[in-house]
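Sequences listed follow chains Z and U, in order. Throughout the first sequence, residue numbering follows my numbering, covering 443 to 602 in sequence. Throughout the second sequence, residue numbering follows my numbering, covering 121 to 384 in sequence.
Hint data in this document are derived by calculation from the structure and do not stem from the laboratory. Don't be surprised by glycine CBs; every beta carbon is placed ideally from N, CA and C. Keep in mind that a hint or two might mislead.
To be verified - So these bits of chain Z aren't anywhere near chain U, every CB distance computed over 12 Å:
1. V451
2. Q506
3. I514
4. S530
5. N531
6. R534
7. L548
8. M552
9. Y599
Stated by the list, open to error - Among chain Z residues calculated to face chain U with C-beta under 10 Å, some are:
10. L464
11. G515
12. R562
13. L586
14. V588
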Amino acid sequence: MEQARSSWVIYLSLACALLFMLLPFPLEWRVLRPDIASLALFYWVLALPHRVGVTTAFFLGLGQDLIEGSPIGLSSLGLMVSVLVLQSNYQRIRQFDGVQQSLMILVLLMLSSGLEQWLRNGIEMPNLPWMGFMGLLCSAGCWLVVREILRFFRRYYEVN
Amino acid sequence: MLLAALCLSSLFFFRDHPHVVAVQQSAIDKVAVATGVILAPVEAWERMAAAMNSRSELQDEVLRLQQENRVLKGQSQRLAALLSENARYKALLRSAQLIDDELIAAQITAVSPDPSRHIVVIDKGLLDGVKEGQAMLGEEGLMGQVILSGDRNSRAVLITDSVHALPVQVNRSGLRAIAEGSGLIDQLLIRHLPAKSDIRVGDLLVTSGLGGRFPNGYPVARVTEVVISEGEAFALVTAEPISALDRGRHVLVLQRTVGSEAES
Chain Z
443 MEQARSSWVI YLSLACALLF MLLPFPLEWR VLRPDIASLA LFYWVLALPH RVGVTTAFFL
503 GLGQDLIEGS PIGLSSLGLM VSVLVLQSNY QRIRQFDGVQ QSLMILVLLM LSSGLEQWLR
563 NGIEMPNLPW MGFMGLLCSA GCWLVVREIL RFFRRYYEVN
Chain U
121 MLLAALCLSS LFFFRDHPHV VAVQQSAIDK VAVATGVILA PVEAWERMAA AMNSRSELQD
181 EVLRLQQENR VLKGQSQRLA ALLSENARYK ALLRSAQLID DELIAAQITA VSPDPSRHIV
241 VIDKGLLDGV KEGQAMLGEE GLMGQVILSG DRNSRAVLIT DSVHALPVQV NRSGLRAIAE
301 GSGLIDQLLI RHLPAKSDIR VGDLLVTSGL GGRFPNGYPV ARVTEVVISE GEAFALVTAE
361 PISALDRGRH VLVLQRTVGS EAES
């Protein structure tokens, strides 16, 4: 009972991260929008792997798909797989310094968006342009910021 | 494992299942509300700025709009005459149906975050009569079509989306073709046109009405390049959409109503 006290912080932060997707970006620059929702998810998995896992990733992916208007389930699979990878390596990744962690996050993002592209091919949706990779770089660049913000909230509300 | 199976099955088997579509439809409205909340400060700022416009500027604008309105009215007088003349000819030819187009004014409220697609959200939905498949017009020409409607908001795909294609014809020669979206906001492609076709740079492409999705005669794009390489069977034609797809917020959705004199 004691443990489930502050879980609303987790879900609220994920919801806010999803809302970031709604901020207006010019049509040609949408590619560079950092994927804050995935970053927030990765943070919570890294910090509290016993609380946040594949199920959360699934629902976050659903939320992304509903917001984007893409077929339901497109983003979920990639997120679930990368969360699995993260969960089995979280102890190692926690020890990394900032740059190493950002690189690791980049790899995870590439994994999830790679899976998404594969699914897109399967259902004949257009693939991301090559600029999409720049978007992943932007996301990875935002990792440290997201991490610090969420860490602040985690400590402030004593989420565990 | 179970959730992964759920993802895959929803993607590959149940993508058009009525329940899934219903969820997506209701999501459109909710997302639009959330967007509205997020954008409220921006809107408020814009309104403030508009309210600060000086009186003389507003007067100038009113004057300009009045003049424009007069010109348009003059043109539409002629249009009415032409339409009735056209209707008489059609009746003479026993053409199948007369189609009136009703317009619903809407505003683009958001652009889909998915960077591989050109999808916008407009602020009219099923309750306003906007339905899947209706054409969306900009000020100058065709912009796209509605693909999914919620109660108060809809999602529309632009003609430049890379999985969109529409039947067009060259206004000058009547040559028919399919204009595909290129994924670039200022480019349409016509791929499978015989190299000897009568098409030139500067030609206007209008909707041909084939396929029944778009009504005929609305301007779509202007040809910017015709590449005919030696030995190739097809010319590669690129065209630039006439309406500025990435600018402006006001659009019109065409509601087709088949006229009463149909099927004579």
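Task: Violations among the numbered hints, reported as their numbers in ascending order - done: 2, 3, 13, 14
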